Amino acid sequence: MITLHVNGRTRAVDDDPQTPLLYVLRNTLELNAAKFGCGLAQCGACMVLIDDEAVPSCVLPIATLEGRKITTLEGLGGGDALGPLQRAFVEEQAAQCGYCTAGMIVRAHALLSSNPAPTDAQIRQHMEMNLCRCGVHLRVLRAVRRASEELQKNRKSPASDSQP
Amino acid sequence: MSAIARKISRRAVLSGGAALVVSFSLLPAVRLRSAESSGLPGSLDRAPLLDAWIRIDEHGKVTVFTGKAELGTGIKTALRQIAAEELFVAPEKIEVITADTARTANEGYTAGSHTIVDSGTAIMNAAAQVRVILLGAAAQKWSMQVTRLRADDGFVVSDDGKRVGYGELVAQRLHVPAGARSELTEPGRHRYIGKSLHRVDLPAKVSGGAAYVHDMRLPGMVHARVVRPPGYAARLREVDASRLEKMPGIVKVVRDGNFLAVVAEREYQAVTAMTALAAAAKWDEPASLPEQRDVFTHLLQQPAQTTTILERGTPAADSAKALEATFRRSYQMHASMGPSCAVAQSKDGVMTVWTHTQGVFPLRGAIAQLLGVDQERVRCIHTEGAGCYGHNGADDAAADAALIAAALPGRPVRVQWMREQEHTWEPYGSAMVTKVRATVQDGRVASWQYDVWSSTHSTRPSGNAGNLLAGQHIAKPHPQPPPRAIPLPDGGGDRNAIPLYTFANAKVVHHFIPAMPLRVSSLRSLGAYMNVFTTESVMEELAGEAGVDPVEFRLRHLDDPRARAVVELAAEKFGWTRRAQAPGRGCGFAYARYKNQSTYAAMAVEASVDRSTGAIELIRAVAAVDCGQAVNPDGIRNQIEGGFVQAASWTLFEAVSFDRSRITSRDWSSYPILRFSAAPQSLDVHVIDRPGQPFLGAGEGAQGPAAAAIGNAVAAAAGQRIRELPLQAPLARAIANS
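Protein chains in written order, with the numbering used here: chain P, 1 to 164; chain F, 1 to 738.
Simulated from the structure, these hints should not be mistaken for laboratory data. Everything numeric in this text was worked out from a predicted model, so none of it was measured. Wrong hints could be hidden among the right ones.
To be verified - Heads up, simulated SDA-like pairs for lysine to any residue below, C-alpha to C-alpha not over 20 angstroms straight-line:
hint, chain 1, residue 1, chain 2, residue 2
1, F, LYS246, P, ASP16
2, F, LYS435, F, ILE309
3, F, LYS252, F, LYS93
4, F, LYS507, F, ARG255
5, F, LYS93, P, ASP80
6, F, LYS93, P, GLY79
7, F, LYS246, P, PRO17
8, F, LYS246, P, GLN18
9, F, LYS476, F, LYS162
10, F, LYS246, P, ASP14
11, F, LYS162, F, HIS175
Full structure from sequences and hints, please.
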């Protein structure tokens, strides 16, 4: 058994330790968000946060992850309590098929966590490793910008404790 | 017929439960009318019963059924808006059920920008007729004039304050054929059509809700992986699967001729076993493919069926002043983000397949043939996948799942293709060659001769197992049916080959090549991408020869006021007359009406080219489109923006590579597509709404004009024109060699 810390919960899984995290998330833990896109760490559809870094989960054996903090898109909000990036993606309608969306939001979250007010060029550069085939790139950039601006606004009002 | 139908349905209103019997007795007549094409609007022609489209339960819950599939373009949202408009029910109260052979009308394929045209029109008219039936039922119930009643958010309300829910009125009354006339709502009073409502599917997609066939987890489900041959012509000589017996979780190894698959309890066990099985398989692998560098010559040497599709006036046979040019387009792929996936289960004599196919009905027939069963024994349910942009691996994955599930009765089988399987086995958009010879005189095109060579643009399942990889790979293979050209006006390789410009003398010839050295089928916009690229590239050059501004030059040859409107709007919003022109920086324009009968689209692009390396950068793009009555303007903008970016990727970067026996574009590094850094800085889409006009569709209108406007901007910036798609590599070579 391997113990994983996923979205604030401790989960013991009996998958082979060499199994990449993606398969364990999707099948054993029944978390849908991270997607199988290439299995080669080339497209970003499977991105999750390991501690605070956005990384592809498709080539990451679970044996290496004990004691690490794993956050998937589900951990960033859901239902009536969407996070700022999730809300921004809806507001900008920054998806078509949506297959790349989870990876996009996770990737953008890592950026805004370390740099809440990135320039447009920084956003573009940071998102470079995530592929989208429907061509919603400019909407994604707008959504990340929108979430960043919301965070700025909330930061100025002391009552808010909103995280990206 | 429709008068009788209406009369009987009125009687059915009175008798309630008898309605079912009455409408069954109507069926033969309805079929007769369908066969003669009744002229009912949209897909009502194929499925005239109102409750094929709209059902309302006794609690007033409204369900709308479409035979089309949600491919990620937002049709569920748009169809719901249309139904809400004519039913007078808030959109959020309406559930939309998409393509399912057991539940919805057969609307063929979800393709060709036809969904809103076919299904939207059917639902709009059906909903209006349902509303009239419900108003009539309330009028009878209250013995009131129907003019004193109105529909209001799921209720019929009278002018003296009475109120009754649709659920209380509906009984069996919707199981009747549609009439010829519908009382459609005046466009000026629309509350939902024309509004940019948010997509219904996004909340789940931004938060990890179950949204895709990939996310299905049925009780007892097992995971399968196929091992495909290394190349099209490879034959399995031997495979020793004994090593797999010791591997954990293995349920079954399936071998049938060249079809090889492994099933395991857990997904990664299946992946590991697939790798082992692939290593154990020995293939005979003849060199069957042409040399990639000779592929265009190879195609032109194949026998072709030649058809003259336009002959007008007397195009000059030869002219010293003619502009002559040959254009080439490489094989390009759909390259969906999610490799194809399907779940199948054989239970109680029925094979159920959950699939992201574009056509559940044509796929059902093909799978039934593959399994050797009646098609009533197969049910195909559309479940979303990643965007497909045409005929990708979806149908093949569904066939794989069905074939494997047939060997494991009772157990749901999930098949997930690997990335390299999607890249190497999906059917590509065909390589194409076009040739133009044209002359200008007195500022107009005097003569236009156009030839296009292409393999087929459709090898869809269409009820034939020979079109499925599994059907081709099993020991007793189904022969692939000979490819056929898609007839005009839609066309395949010749889609948009006929220019809509008012050329006095023009001839267009389609050379259909039955051979297909690489597997090919429908890729978004089919031949229109290449034909519009060619036509609009030449128009820009001819404008230069004539010394006329390219926008003005196009307008001189356009009669259709809607065509002129998109051209003028795109030019105005772009600031065409004030555009920057400097070495290394240039602008290009393009216009087309998709399929010569669908979306009107005009685009202007500004690009830069590094004249020492040839590196292309897209700076900005402006589009103007007219899709008829706009259902969801932001949905249209999203389609055109996405179409532009995807076409930019094809146009700048994409070519399928292969050696003599294998496809070598196996992943995102060997088949690079556009990333964020290559997207333009800005991309503005302006929608011209045409309230009350027919829907025209939006999904594919951008592909051709985007390619041509980019090509024209790059030519202006580079100071030389590249006539080979994709542009980036040949441009860099041309600059390096100069």
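For each hint, the structure was consulted:
Taking the CA atoms of LYS246/F and ASP16/P, the gap is about 15 angstroms. The hint holds against a cut of 20 angstroms. The straight-line distance between the Cα atoms of LYS435/F and ILE309/F is roughly 15 angstroms, inside the 20 angstroms bound, and the hint therefore holds. A hinted pair counts as satisfied when its Cα atoms are at most 20 angstroms apart, and LYS252/F with LYS93/F does not qualify at roughly 45 angstroms. With a C-alpha separation of about 52 angstroms, the suggested pair LYS507/F and ARG255/F falls outside the 20 angstroms cut-off, and the hint is violated.
Restraint check: the Cα-Cα separation between LYS93/F and ASP80/P comes to about 18 angstroms, which is no more than 20 angstroms; the hinted pair holds. Distance restraint check for LYS93/F and GLY79/P: the Cα-Cα separation of roughly 18 angstroms lies within the 20 angstroms cut-off, and the hinted pair is therefore satisfied. The suggested pairing of LYS246/F with PRO17/P holds, with an alpha-carbon distance near 18 angstroms, which does not exceed 20 angstroms. For the hint linking LYS246/F to GLN18/P, the alpha-carbon distance of about 17 angstroms falls within 20 angstroms, and the restraint holds.
For a cut-off of 20 angstroms, the pair hint linking LYS476/F to LYS162/F is broken: about 68 angstroms separates their Cα positions. The hinted pair formed by LYS246/F and ASP14/P meets the criterion: a straight-line CA distance of about 19 angstroms does not exceed 20 angstroms. The suggested pairing of LYS162/F with HIS175/F is violated, with an alpha-carbon distance near 26 angstroms, which exceeds 20 angstroms.
Of the numbered hints given earlier, the model fails hints 3, 4, 9 and 11; all others are met.
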